[in-house]
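Position chain B against the provided structure of chain S, taking the given hints into account.
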Amino acid sequence: SAVISQKPSRDICQRGTSLTIQCQVDSQVTMMFWYRQQPGQSLTLIATANQGSEATYESGFVIDKFPISRPNLTFSTLTVSNMSPEDSSIYLCSVEDARARGGTDTQYFGPGTRLTVL
Amino acid sequence: EDKVVQSPLSLVVHEGDTVTLNCSYEVTNFRSLLWYKQEKKAPTFLFMLTSSGIEKKSGRLSSILDKKELFSILNITATQTGDSAVYLCAVGVSWEYGNKLVFGAGTILRVKS
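Chains as they are written, first to last, in my numbering: chain S, 4 to 121; chain B, 413 to 525.
Simulated from the structure, these hints should not be mistaken for lab results.
Subject to a maximum C-alpha distance of 30 Å in a straight line, what follows is the list of computed DSS-like cross-link-like pairs (lysine-lysine):
| # | chain 1 | residue 1 | chain 2 | residue 2 |
| --- | --- | --- | --- | --- |
| 1 | B | Lys-415 | B | Lys-468 |
| 2 | B | Lys-452 | S | Lys-10 |
| 3 | B | Lys-449 | S | Lys-10 |
| 4 | S | Lys-68 | B | Lys-415 |
| 5 | S | Lys-68 | B | Lys-453 |
If you anchor each label on the Cβ, the simulated ranges turn out as follows:
| # | chain 1 | residue 1 | chain 2 | residue 2 | range |
| --- | --- | --- | --- | --- | --- |
| 6 | B | Asp-429 | S | Ser-56 | 43 to 51 Å |
| 7 | B | Gly-471 | S | Thr-20 | 44 to 52 Å |
| 8 | S | Thr-82 | B | Val-425 | 37 to 45 Å |
Don't be surprised by glycine CBs; every beta carbon is placed ideally from N, CA and C.
Extracted from the complex, chain S is given alone in its bound form (with noise of 0.2 Å):
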């Protein structure tokens, strides 16, 4: 399966900040997906990111604050903008492989980004 990492792996951000986040693939996927998991809860997805084109938000999340790009096959990054304690969580990306063991439509997740708004 895909490969994947994420930058910064932690972060600790002012309020009224802004944080990029980055995702990285070993090789090419067409499917990038970007999720929230706030404390204690299951996993949210903000937003589908799929390369040459806008990404898709969820009912709830909006691109002013919470912009993806998506500039080739092996990266995207998400922004969480003009923070405030509840984004306070931890982001997730993860890419649709299938080549993977699951086949088509089994997601692989990053390691994770958590991020603490004070």
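Relative to the frame of chain S, chain B by itself:
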């Protein structure tokens, strides 16, 4: 609205016990059902199920899907302390922009030695 419900939300067992985790769903455009194990940050893939009644096995873990009754179970036999984790059920759905996963809240499993 697509919905995935897992039960129980948490349970504590002793090493050697067998556990059954449940996942029910109500979604439009069902494609697949997936199970993940989450120990620290990144969920790790366990199984993907697309057909009813066909059990998938990996060591002490097994899973089966019932597409008529809209649920799946994950069984873990002879549990070990290393099985302690959050187990996530996700349903793959198709929509106008492609495919995506809808996750349940997870079941927290703690195995005591």
